[in-house]
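With chain A fixed as given, assemble chains B and C onto it according to the hints.
Protein chains in written order, with my numbering: chain A, 1 to 180; chain B, 1 to 105; chain C, 1 to 733.
Okay, derived cross-link-like pairs now, SDA-like style, lysine to any residue, Cα gap no bigger than 20 Å in a straight line: (1) Lys93/B <-> Arg179/A; (2) Lys25/B <-> Ala83/B; (3) Lys540/C <-> Gln465/C; (4) Lys25/B <-> Arg94/A; (5) Lys25/B <-> Thr93/A; (6) Lys93/B <-> Phe88/A; (7) Lys25/B <-> Phe88/A; (8) Lys93/B <-> Thr93/A; (9) Lys134/A <-> Ala58/B; (10) Lys709/C <-> Ile88/B; (11) Lys602/C <-> Phe356/C; (12) Lys25/B <-> Met91/A; (13) Lys214/C <-> Lys363/C; (14) Lys505/C <-> His411/C; (15) Lys709/C <-> Asp101/B; (16) Lys505/C <-> Pro430/C; (17) Lys709/C <-> Val100/B; (18) Lys93/B <-> Arg178/A; (19) Lys427/C <-> His412/C; (20) Lys419/C <-> Lys621/C; (21) Lys25/B <-> Trp108/A; (22) Lys132/A <-> Phe53/B; (23) Lys709/C <-> Ile84/B; (24) Lys25/B <-> Phe89/B; (25) Lys709/C <-> Phe89/B; (26) Lys25/B <-> Leu92/A; (27) Lys132/A <-> Val729/C; (28) Lys419/C <-> Gly500/C; (29) Lys25/B <-> Lys709/C; (30) Lys28/C <-> Asp158/C; (31) Lys419/C <-> Leu598/C; (32) Lys709/C <-> Asp96/B; (33) Lys709/C <-> Asp98/B; (34) Lys709/C <-> Ile34/B; (35) Lys709/C <-> Thr94/B; (36) Lys25/B <-> Tyr716/C; (37) Lys602/C <-> Gly500/C; (38) Lys427/C <-> Pro516/C.
No lab work stands behind these hints, which were simulated from the structure alone.
Below, each chain spelled out in residue letters.
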Amino acid sequence: MIGSLLAAAQNADAPVLVAQNVAFGIISVLMIYSAIRVVTAANVVHAAAFLVVVLAGVAALFILLGAEFVAITQVLVYIGAIVVLFLFGIMLTRAPMEGSEKMSRDNWALAALTGFVLLVLLGYTLWDGFGKNKIPADLQPTSTGALSDVIFGQYLVPFEVVSLLLLAALVGAIVIARRD
Amino acid sequence: MFLNQFLLLAAALFCIGVYGVIARKNGVMVLMSIELILNAVNINLVAFSAMWFNTPGANPLAGQVFALFVIAVAAAEVGVGLAIVLAIFRNYKTVDLDQVDLMKG
Amino acid sequence: MLTHVWIIPLIPALSFVAILAIGKRLPKKGAEIGIASVAICLVLALATGTGWISRVNHPPESAHAEATAQSVEGHEAEATATASATEGEPAASADAEHAEGGAEAEEHHVTPPVQRNVTWFETGDVTVKAGTLIDGLSALMLVIVTFISLLVHVFSTDYVGGDRRETHYFAFLSLFTAAMLFYVISDNTLQMVVGWELVGLCSFALIGHWWEEKPNSDAALKAFLTNRVGDIGLLVGVIILYFAAGKTFDVLSLNTQANAGLIEHNLLLIGSLCLITAVMSKSGQFVLHTWLPDAMAGPTPVSALIHAATMVVAGIYLVARNYGVFFNGLSIGTANVNALAVVGCVTLLFGAFLAFVQTDIKKVLAYSTVSQLGYMVTALGVGGWTAAIFHLFTHAIFKACLFLGSGSLAHHIHSFDMKKDMGGMRKRMPITFWTFLIGTAALMGLPLITAGFWSKDEILAGAHQLGGDGGYRFAVIMGLMGAVCTCAYMTRAIWYVFYGEPRGKSAEHDLHENGPRITVPLIILATGSILVGYANLPEKVFGIGVPESLSLRFEHFIEPTGAYFPSADNSFSHPEFVPWIALVSALAIVIGAGGAYLWYFKDKGPHGITERNKVARTGYKVLENKYYLDWLYTDVIVGFVKGPFARATNWFNQNILDGVVNSVGKGARGAGEFVYHRIDQGVVDNVVKGSGLAAEGSGSVLRKTQNGKVQWYAAYLFLGATILAAIFVIVAS
Numbered sequence: 001m002i003g004s005l006l007a008a009a010q011n012a013d014a015p016v017l018v019a020q021n022v023a024f025g026i027i028s029v030l031m032i033y034s035a036i037r038v039v040t041a042a043n044v045v046h047a048a049a050f051l052v053v054v055l056a057g058v059a060a061l062f063i064l065l066g067a068e069f070v071a072i073t074q075v076l077v078y079i080g081a082i083v084v085l086f087l088f089g090i091m092l093t094r095a096p097m098e099g100s101e102k103m104s105r106d107n108w109a110l111a112a113l114t115g116f117v118l119l120v121l122l123g124y125t126l127w128d129g130f131g132k133n134k135i136p137a138d139l140q141p142t143s144t145g146a147l148s149d150v151i152f153g154q155y156l157v158p159f160e161v162v163s164l165l166l167l168a169a170l171v172g173a174i175v176i177a178r179r180d
Numbered sequence: 001m002f003l004n005q006f007l008l009l010a011a012a013l014f015c016i017g018v019y020g021v022i023a024r025k026n027g028v029m030v031l032m033s034i035e036l037i038l039n040a041v042n043i044n045l046v047a048f049s050a051m052w053f054n055t056p057g058a059n060p061l062a063g064q065v066f067a068l069f070v071i072a073v074a075a076a077e078v079g080v081g082l083a084i085v086l087a088i089f090r091n092y093k094t095v096d097l098d099q100v101d102l103m104k105g
Numbered sequence: 001m002l003t004h005v006w007i008i009p010l011i012p013a014l015s016f017v018a019i020l021a022i023g024k025r026l027p028k029k030g031a032e033i034g035i036a037s038v039a040i041c042l043v044l045a046l047a048t049g050t051g052w053i054s055r056v057n058h059p060p061e062s063a064h065a066e067a068t069a070q071s072v073e074g075h076e077a078e079a080t081a082t083a084s085a086t087e088g089e090p091a092a093s094a095d096a097e098h099a100e101g102g103a104e105a106e107e108h109h110v111t112p113p114v115q116r117n118v119t120w121f122e123t124g125d126v127t128v129k130a131g132t133l134i135d136g137l138s139a140l141m142l143v144i145v146t147f148i149s150l151l152v153h154v155f156s157t158d159y160v161g162g163d164r165r166e167t168h169y170f171a172f173l174s175l176f177t178a179a180m181l182f183y184v185i186s187d188n189t190l191q192m193v194v195g196w197e198l199v200g201l202c203s204f205a206l207i208g209h210w211w212e213e214k215p216n217s218d219a220a221l222k223a224f225l226t227n228r229v230g231d232i233g234l235l236v237g238v239i240i241l242y243f244a245a246g247k248t249f250d251v252l253s254l255n256t257q258a259n260a261g262l263i264e265h266n267l268l269l270i271g272s273l274c275l276i277t278a279v280m281s282k283s284g285q286f287v288l289h290t291w292l293p294d295a296m297a298g299p300t301p302v303s304a305l306i307h308a309a310t311m312v313v314a315g316i317y318l319v320a321r322n323y324g325v326f327f328n329g330l331s332i333g334t335a336n337v338n339a340l341a342v343v344g345c346v347t348l349l350f351g352a353f354l355a356f357v358q359t360d361i362k363k364v365l366a367y368s369t370v371s372q373l374g375y376m377v378t379a380l381g382v383g384g385w386t387a388a389i390f391h392l393f394t395h396a397i398f399k400a401c402l403f404l405g406s407g408s409l410a411h412h413i414h415s416f417d418m419k420k421d422m423g424g425m426r427k428r429m430p431i432t433f434w435t436f437l438i439g440t441a442a443l444m445g446l447p448l449i450t451a452g453f454w455s456k457d458e459i460l461a462g463a464h465q466l467g468g469d470g471g472y473r474f475a476v477i478m479g480l481m482g483a484v485c486t487c488a489y490m491t492r493a494i495w496y497v498f499y500g501e502p503r504g505k506s507a508e509h510d511l512h513e514n515g516p517r518i519t520v521p522l523i524i525l526a527t528g529s530i531l532v533g534y535a536n537l538p539e540k541v542f543g544i545g546v547p548e549s550l551s552l553r554f555e556h557f558i559e560p561t562g563a564y565f566p567s568a569d570n571s572f573s574h575p576e577f578v579p580w581i582a583l584v585s586a587l588a589i590v591i592g593a594g595g596a597y598l599w600y601f602k603d604k605g606p607h608g609i610t611e612r613n614k615v616a617r618t619g620y621k622v623l624e625n626k627y628y629l630d631w632l633y634t635d636v637i638v639g640f641v642k643g644p645f646a647r648a649t650n651w652f653n654q655n656i657l658d659g660v661v662n663s664v665g666k667g668a669r670g671a672g673e674f675v676y677h678r679i680d681q682g683v684v685d686n687v688v689k690g691s692g693l694a695a696e697g698s699g700s701v702l703r704k705t706q707n708g709k710v711q712w713y714a715a716y717l718f719l720g721a722t723i724l725a726a727i728f729v730i731v732a733s
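The following block holds chain A by itself, in its conformation from the complex (with noise of 0.2 Å):
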């Protein structure tokens, strides 16, 4: 992250914005660290809120990047729905609250060289695709009228199979869950 600021810094062509790039690097060590707790906080609730946090932070980055919807959609979708669902699942199966019980198996350390090689092979790639392209200075904010024009013209049929989708799962969720 501080490479790429570093280097838009010395790019004297484009305008640097300053602003922009400060709340990201907030926002990205926020959410790495949040990320990071999410996957090995010992209590489950802890868990669930770092991911509230993370959540936010993506929903902030949308903002960052002019997807305005989509943020919002975020919010009210992954922290007003899903986590409440999560927190529902944690209630439910009573999960132990306290440290107490391990919460991370053994193989951990399969786990974490499979991320860390995961992660040094996508950042090469992406430095040796990406590493030149710029967002455009003048980004605009999206307008949520264009993009529910494209949604229900141009991806009219995906969308509609989505909503199916949705009940199909509703309806698979209810049968899997139900006691009989």
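Same frame as chain A, now just chains B and C:
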């Protein structure tokens, strides 16, 4: 702003998510890690959408539309996933995925 | 109709869905939908046939054809002699065709087949088309399949009426009809593979229709698994030919290239040998025929439709459709012996032997089918294409007649055992008796009046005249011997079933003739068994000329013309009627049927020889055990794999591989103990476990990976994908 800032952040989130999926014992926690992975993807989609913001011929909104779809699919996934975790909990009295090894060969 | 022939398989396919959906609620349990759809198909098939005949009579001018051939969804390719050679060297091949086939082409007007296709899918630069190909052969097959299928449907309404899974029965009959029709109108080999597998699936489902009884489900499994063996051959053959012909599945292009010599001979040879494996399994040729007699466990109408008249000729059709490949690959026109002819001859003779010792009438007919399919394969093997297809046609009719006849016999007594439960049926079931007798006469090839005579005689004449120097002599001899056996075992069957005193269940039951839904199809088929023989009268019979408008009509309309059929080849010719062969085959009937008549009806001859004579007893035992082929397959091969082979593998696994793995693991652990304890536990141990993928091949390590813990699998998945991606990145950069 460089495109790579966002992509690298997404990559980091993705890898942390992968770590969580493999390393966590609790079924609910595994689902949370999957959410991390899905969000990483969403960041990528929106970042590319911004990237092609004023390129002629490109549809700058496609990425955002797909991000919305991913959010919808994630909601469906969590619903079914939690239902499965509940069913496991009812039958095994635990959400520790190591205890559920019916696929043992 | 010629261009919209895709409708024909669609109708029974829809009927399949409709029967499954609403069949149970209908008064006839879905039979009415099936019958209606097949009847419509028959009408459409006849329309196709008529269309083809008028096309042969008035071959279209190519310009006119192109003008009419435009359509919205696909483009219609009129495969004329010049247009058919694809990317290769079109000019050279077309010239060669004209130079060689000039004389033939004048005699036979070239009637281009009607091909019509749409793009099925595209991957990269490969475009695979799906389409229909109509020429005489496919039009004929359409008519045969729909005709027999309709009669079998009608017969079945009585035969399986009240069965507990009647709806499923009719649904699968419809699906089978759809699959078979789809198969015969395919214009590319890939589509043929699809149809081939679909008919196999329906065959499986219908053999195991009464799966509650163990032998039935075993028979279904056996049929399916034996066919899988051949399917491998089919797939390999199709793939070889695909690459050999410059990446095309198209039947016309494939055969045109084969005929024009654009494909290397060895490739054609290997490809056709692979396809012969497929023919051996599906068409019940020797060594892979064992499933066919067991398939008689299915309901009798199914046996008539699938395991006698239509599905088992799929193999024959495969050869006939790709005849250019086989003709050139096996050098049929110039050789004296080839794989196809040998397989056919061995099958026709050995199948006929086996029919002798069966006590189950359906098994007699089943082995007879094996033997007759052998005749067809022989005919194709010696170059008598028309003879083979003509025999396919007549055989479909009379064998369906015989099978339905046996079903009619067993309808009340529920037994097919000729020795125990039948006898004296002649008086009590007269219609069945007479139709069965006519079918038998056709099968024996009673001279001049029955269909079987004309087709079998053409095969024998072909074996005598075609081929290189001296013809296929062994095929003539074996074919005549087969004819003797055929007559003998059918006489034996007639004796056991219809003559003598009623035995067993037939004595207990008050037998009477079945209702019209059973007898009418029998009468139609028996009439056909006589009439269809006149479709291909030779030009001269015993020196008496047959008028041109009557002779060789079948050959005229059915045999393809054009570059995709080897008729232009110098070595391809048509056999003529040979008086001495006709006389000898008549003599064969006298010997075979007469001998059996004396033995059974008059009780003459050395009865009890199998008890007294050691050689005869051994022969009888070998036949009774079906040449020990089943024993070979199940006990020897499977037993070897299960027993010694598995033990040896296990020993190797336990002692050698485990030793290596264990010592590697010990070494790794020993080294790990020097390292900080936590890393040892956390990393090295886990990495050793995780490297199970690397140590693939060792049973012990692989077993550890199958621990049922889902997250381990996730770890392998992610790690494997990462490593693969890393390799790609490194290779690419």
